[in-house]
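**Q** Model the full structure from these sequences, guided by the hints.
As a plain string of letters, each chain reads:
2 protein chains.
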Amino acid sequence: MENFVFSNCTKIVFGRNAEEQVGVETAAWADKVLLHYGGGHIVRTGLKARVEESLKHAGVSYIELGGAQPNPRVSLVREGIKLIREQGIGFILAIGGGSVIDSAKAMALGVQYEGDVWDFYSGKAEPKEALPLGVVLTIPAAGSEASTGSVITNEDGWLKRSCDHVILRPKFAIMNPELTYTLPPYQTACGVADMMAHIMERYFTNVRDVDLTDQLCEAALRSIIKHAPRALEEPQNYDVRANIMWAGTIAHNDLLGTGRIGDWASHVIEHELSGIYDLAHGAGLAIIFPAWMKYVYKHDVARFVQFAARVWGVDPDYHDPEKTALEGIRRLEEFFKRIGLPTRLADADIPDDRLEEMAAKCTGNGTHTVGNFVKLTEADVLEIYRLAV
Amino acid sequence: MENFVFSNCTKIVFGRNAEEQVGVETAAWADKVLLHYGGGHIVRTGLKARVEESLKHAGVSYIELGGAQPNPRVSLVREGIKLIREQGIGFILAIGGGSVIDSAKAMALGVQYEGDVWDFYSGKAEPKEALPLGVVLTIPAAGSEASTGSVITNEDGWLKRSCDHVILRPKFAIMNPELTYTLPPYQTACGVADMMAHIMERYFTNVRDVDLTDQLCEAALRSIIKHAPRALEEPQNYDVRANIMWAGTIAHNDLLGTGRIGDWASHVIEHELSGIYDLAHGAGLAIIFPAWMKYVYKHDVARFVQFAARVWGVDPDYHDPEKTALEGIRRLEEFFKRIGLPTRLADADIPDDRLEEMAAKCTGNGTHTVGNFVKLTEADVLEIYRLAV
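Protein chains in written order, with the working numbering: chain Z, 1 to 389; chain R, 1001 to 1389.
FYI, nobody ran anything at the bench for these hints, they're computed from the structure. A portion of the hints provided could be inaccurate.
To be verified - Below, in silico cross-link-like pairs of lysine-lysine (DSS-like), each with a Cα-Cα straight-line distance of 30 Å or less: (1) Z:Lys11 to R:Lys1056; (2) R:Lys1323 to Z:Lys323; (3) R:Lys1226 to Z:Lys128; (4) R:Lys1128 to Z:Lys56; (5) Z:Lys11 to R:Lys1124; (6) Z:Lys323 to Z:Lys337; (7) Z:Lys128 to Z:Lys11; (8) R:Lys1124 to Z:Lys128; (9) Z:Lys48 to Z:Lys82; (10) Z:Lys128 to R:Lys1171; (11) Z:Lys124 to R:Lys1011; (12) R:Lys1128 to Z:Lys32; (13) Z:Lys171 to R:Lys1011; (14) R:Lys1171 to Z:Lys11; (15) R:Lys1323 to Z:Lys128; (16) R:Lys1171 to Z:Lys171; (17) Z:Lys11 to R:Lys1128; (18) R:Lys1323 to Z:Lys226; (19) R:Lys1226 to Z:Lys226; (20) Z:Lys171 to R:Lys1323.
Stated by the list, open to error - Among the chain Z residues that face chain R by a calculated CB cut under 7 Å, a handful are: (21) Lys11; (22) Val13; (23) Phe14; (24) Asp209; (25) Leu212; (26) Gln215; (27) Arg222; (28) Ala242; (29) Asn243; (30) Trp246; (31) Ile261; (32) Trp264; (33) Trp312.
The beta carbon of each residue, even a glycine, is placed where N, CA and C say it ideally should be.
**A** Dropping the structure here:
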């Protein structure tokens, strides 16, 4: 087991009517906030009105900034930073899913920095301080509500890059599973793939003897796998939605990575896809993860056997571990298909004519490798894209 | 699933040489601290000297108060409170296991209160503020290093009572598994029983559809069960000690209880035992938990079948669920015996002549029930003590 520091202060307020607490939780941080959100969904469902009511009741005033898109853009982030500075705002309240939260995190960073916010994503600047932010979560997927990460897309070159720092953890996350009843099946499934990927990125490690976190990862994966098809069949089943929503947070709040070194190649390989094609991140992961697995499983067949047996209930063929390993990968792919996700580029109507370009961007034109389980070169990444065709 | 609020800010600094960080972590909170510990063990191992060195290096001065005993006494807590007030101390650093930490937590509460600290344990007063405290953990067991609880014994009547409040969570916990290499087998085993009990208290619930936390509880139990015998055989195996140490924290940091209503009857039934007989808490739990299970399993046979199958790998007899349930309980008892723990009062040389007295004390002379899975009256508790004879 590796040494680690684990600290996660995000206060989770979980359950029916949890959004009624947003005013009180926000008032503990500031009396004037930026309300950041995406499109009209939160207006149509009445959530926005309920949040505003709660804020007013707690004496919190707010300025609005909507328009955050999936694969959130740095241009809107810059607009938000300007607004926050002009209005003397002390806190950001993000209402939405990972894109809105990540957009809010980028604003929180940029406000306290003299240069351009993209510097944090291009690796030019190191986060030092950030405005506090809170979340009303509507899409269980990215885990951004309690994570240290933020992923932003720069329209100039369609670069999708991430920034990770402990100061980016939200102060609180309001999580009412009922808010996810109206999520369309495809978006529900994309969220499921995203949270599974967050666990699998941590699961495939070269660190030995991390049995406790192995078991916890496998437990969370099994629970997601059990509930995902039910969420599609019974979208208004509270307990099903609640198990998935809480799993999405646990998948990415860093607990499941303690003592381990995660991989994260699939994430960066996927970012090139959804950066260029504006594909949902979860759908991209459903395409890339099985391809990555097929390319790397020989590096540690035993770990893939454990994955097959414990997560997918595959009865191991002790004389043919590779067969068992491949069966686990096949089950993952089959599961993604079952919940309506693409598992090949063609399924998502993505052509195969820019694979070289993506492999180059992903590895900084071959100047660095990606991943830790296996360190992948530009040529390796290209092979993985080809396996995903 | 039940609504919940989950918030745990304890910063975990885990791994080899972690104690070298104690000065820096402490200096973030105060420049004059109370060093609270138990006996001479930390002197003999050199840990105390290393902690003092780290504190001095960080510019932190300290006053010492040793002498915390297993089942820590309120008399020493009162002494500590006096000392903290006299010396104008702003932070408590506990070096030890659950008893030392719980003793420090009681001081942290009492310092900020005009009345007697026992008021918080007798239910007369509600915690409002507490001095911050930090921990260097030497015994993985109680989970107090990241929990909200504190258990103290009042010599006047040998009452062992608990106080729970979120302000009692330590600010940081320094956890180096190497510090547990010298733990004697019996103490290692008592710790294992304690952490397993913390999970089982949460596991046996009447709340339905909490699959995710079910799976996480089962995962943590399996990992503890796998590593405990190895910790006895290879006391200096880092990874074995590390898995157990981290499991002890996760067992009681509240994550595994999210969305559930725990039971906690076995804990309060045990407290009467170790309050009177000064038995190690973990040993008392190894005696009480199987007896409790035998008394209540018919309340929800299916849950005990799940426990037997998923935690102990029992192949369920689908025609005879009770048999499967009882086999799970038998495996638990057998496991406790295997790691050298008593599972009956007689094994711990505890006579059966005060069972009525304990049942009465445990239920406030029959004025209240204990537990949530099944609400137990004084007569029920007496039956459980009798099953443990």
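**Q** Each hint: holds or not?
**A** So, going through the hints one by one against the coordinates:
1. Z:Lys11 to R:Lys1056: violated, 34 Å
2. R:Lys1323 to Z:Lys323: violated, 37 Å
3. R:Lys1226 to Z:Lys128: With Cα atoms ~42 Å apart, R:Lys1226 and Z:Lys128 exceed 30 Å; violated.
4. R:Lys1128 to Z:Lys56: Answer holds: R:Lys1128 to Z:Lys56 is near 28 Å, not above 30 Å.
5. Z:Lys11 to R:Lys1124: Holds - the C-alpha atoms of R:Lys1124 and Z:Lys11 are around 28 Å apart, at most 30 Å.
6. Z:Lys323 to Z:Lys337: holds, 21 Å
7. Z:Lys128 to Z:Lys11: The hint holds at about 22 Å.
8. R:Lys1124 to Z:Lys128: Outside the cut-off at roughly 45 Å; violated.
9. Z:Lys48 to Z:Lys82: Distance of about 23 Å is within 30 Å: holds.
10. Z:Lys128 to R:Lys1171: holds, 21 Å
11. Z:Lys124 to R:Lys1011: holds, 28 Å
12. R:Lys1128 to Z:Lys32: holds, 28 Å
13. Z:Lys171 to R:Lys1011: holds, 15 Å
14. R:Lys1171 to Z:Lys11: holds, 15 Å
15. R:Lys1323 to Z:Lys128: Not satisfied, since the Cα-Cα distance of roughly 59 Å exceeds 30 Å.
16. R:Lys1171 to Z:Lys171: holds, 16 Å
17. Z:Lys11 to R:Lys1128: holds, 19 Å
18. R:Lys1323 to Z:Lys226: Between R:Lys1323 and Z:Lys226 the Cα gap is close to 27 Å, so the pair holds against 30 Å.
19. R:Lys1226 to Z:Lys226: holds, 25 Å
20. Z:Lys171 to R:Lys1323: violated, 48 Å
21. Lys11: With Cβ-Cβ at 4 Å, under 7 Å, it holds.
22. Val13: For Z:Val13, the interface hint holds, since the closest Cβ of chain R sits about 5 Å away, which is under 7 Å.
23. Phe14: holds, 5 Å
24. Asp209: Cβ of Z:Asp209 sits 3 Å from chain R, so the hint holds.
25. Leu212: holds, 4 Å
26. Gln215: holds, 4 Å
27. Arg222: holds, 6 Å
28. Ala242: Where the cut-off is 7 Å and the nearest Cβ of chain R is about 4 Å from Z:Ala242, the hint holds.
29. Asn243: holds, 5 Å
30. Trp246: The hint holds - Z:Trp246 has a Cβ within 7 Å of chain R, the shortest such distance being about 6 Å.
31. Ile261: violated, 13 Å
32. Trp264: violated, 21 Å
33. Trp312: Nearest chain R Cβ about 14 Å off; hint violated.
In the structure shown, a violation is registered for the earlier hints numbered 1, 2, 3, 8, 15, 20, 31, 32 and 33, in ascending order.
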